[in-house]
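Going by UniProt numbering, the first residue of the sequence shown is number 1, and it counts up by one from there.
What the hints contain is simulated information worked out from the structure, not anything from laboratory work.
Quick caveat, the model's predicted, so the values are computed rather than measured.
There may be inaccurate statements among the hints.
Simulated restraints, written as ranges between beta carbons of each label pair [stated by the list, open to error]:
{"no.": "1", "residue 1": "144", "residue 2": "5", "range": "19 to 27 Å"}
{"no.": "2", "residue 1": "157", "residue 2": "16", "range": "18 to 26 Å"}
{"no.": "3", "residue 1": "56", "residue 2": "163", "range": "15 to 23 Å"}
{"no.": "4", "residue 1": "61", "residue 2": "129", "range": "17 to 25 Å"}
{"no.": "5", "residue 1": "125", "residue 2": "177", "range": "21 to 29 Å"}
{"no.": "6", "residue 1": "135", "residue 2": "48", "range": "18 to 26 Å"}
Derived pair list, reagent style BS3-like, types lysine-lysine, alpha-carbon separation capped at 27 Å [to be verified]:
{"no.": "7", "residue 1": "174", "residue 2": "105"}
{"no.": "8", "residue 1": "177", "residue 2": "144"}
{"no.": "9", "residue 1": "80", "residue 2": "9"}
{"no.": "10", "residue 1": "80", "residue 2": "101"}
{"no.": "11", "residue 1": "94", "residue 2": "156"}
{"no.": "12", "residue 1": "94", "residue 2": "50"}
{"no.": "13", "residue 1": "80", "residue 2": "105"}
{"no.": "14", "residue 1": "174", "residue 2": "94"}
{"no.": "15", "residue 1": "9", "residue 2": "177"}
{"no.": "16", "residue 1": "177", "residue 2": "94"}
{"no.": "17", "residue 1": "156", "residue 2": "171"}
{"no.": "18", "residue 1": "105", "residue 2": "144"}
{"no.": "19", "residue 1": "105", "residue 2": "177"}
{"no.": "20", "residue 1": "9", "residue 2": "105"}
{"no.": "21", "residue 1": "9", "residue 2": "171"}
{"no.": "22", "residue 1": "9", "residue 2": "144"}
{"no.": "23", "residue 1": "174", "residue 2": "50"}
{"no.": "24", "residue 1": "47", "residue 2": "174"}
{"no.": "25", "residue 1": "156", "residue 2": "80"}
Yeah, the Cβ is synthetic: ideal placement off N, Cα and C, and Gly gets one too.
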Amino acid sequence: MGSQYPFFKICIVGDFGVGKSTLLFHYLERRFISNVESTIASNFFLKQVKIPNVQNYITLQIWDLAGQDHFKWIRKSFYKGSRGIVYMFDLSRKETFDRIKLWKKEVESTIGMTPNILVGNKLDLINSENHHISTNETNSLRQKLNACTYCETSAKLGTGVDNIFYNLSIKMHKFHK
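Using the sequences provided together with the hints, build the complete structure.
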């Protein structure tokens, strides 16, 4: 990977158990892994992607950060140099949605405002009886985050997974030109 490829560091943040690692494995390997071990501190992976109006591929360095509170002290060091943030919550657990504001505060206190995307994961677990987060709530939070978009995904089925990184890559490339 030469210097001709733009390079963007992305951090995926959200509470423990929202599916950050599972979603990332699906994005990278095109398969669902049901027994992913909890992330200890962080993991990172590289992927080259092609976006419109960019001659070469861009390289994404994607960091999967541990969501447990006791890793807060170390997460801040991983935010440095990030060009994009994926704020992720579990559609079946409203409390993980409510805590996104805390994640925003943690991230922005370290690196300031940066391009981001809001992701509601585990769409495969949602039906009319357990859909606790309204469209108005997600739109409001998306605006507060200044997120480029909101995506609902299923790491299990692969629904919407590619769109996260595609949309965020376009936004980062425009923002950091």
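Hints and how they fare:
no., hint, result
1, 144 / 5: 19 to 27 Å, "violated, 33 Å"
2, 157 / 16: 18 to 26 Å, "holds, 22 Å"
3, 56 / 163: 15 to 23 Å, "holds, 21 Å"
4, 61 / 129: 17 to 25 Å, "violated, 40 Å"
5, 125 / 177: 21 to 29 Å, "violated, 39 Å"
6, 135 / 48: 18 to 26 Å, "violated, 34 Å"
7, 174 / 105, "holds, 24 Å"
8, 177 / 144, "holds, 24 Å"
9, 80 / 9, "holds, 9 Å"
10, 80 / 101, "holds, 19 Å"
11, 94 / 156, "holds, 19 Å"
12, 94 / 50, "violated, 34 Å"
13, 80 / 105, "holds, 15 Å"
14, 174 / 94, "violated, 32 Å"
15, 9 / 177, "holds, 14 Å"
16, 177 / 94, "violated, 36 Å"
17, 156 / 171, "holds, 26 Å"
18, 105 / 144, "holds, 11 Å"
19, 105 / 177, "holds, 25 Å"
20, 9 / 105, "holds, 19 Å"
21, 9 / 171, "holds, 13 Å"
22, 9 / 144, "holds, 22 Å"
23, 174 / 50, "holds, 14 Å"
24, 47 / 174, "holds, 19 Å"
25, 156 / 80, "violated, 30 Å"
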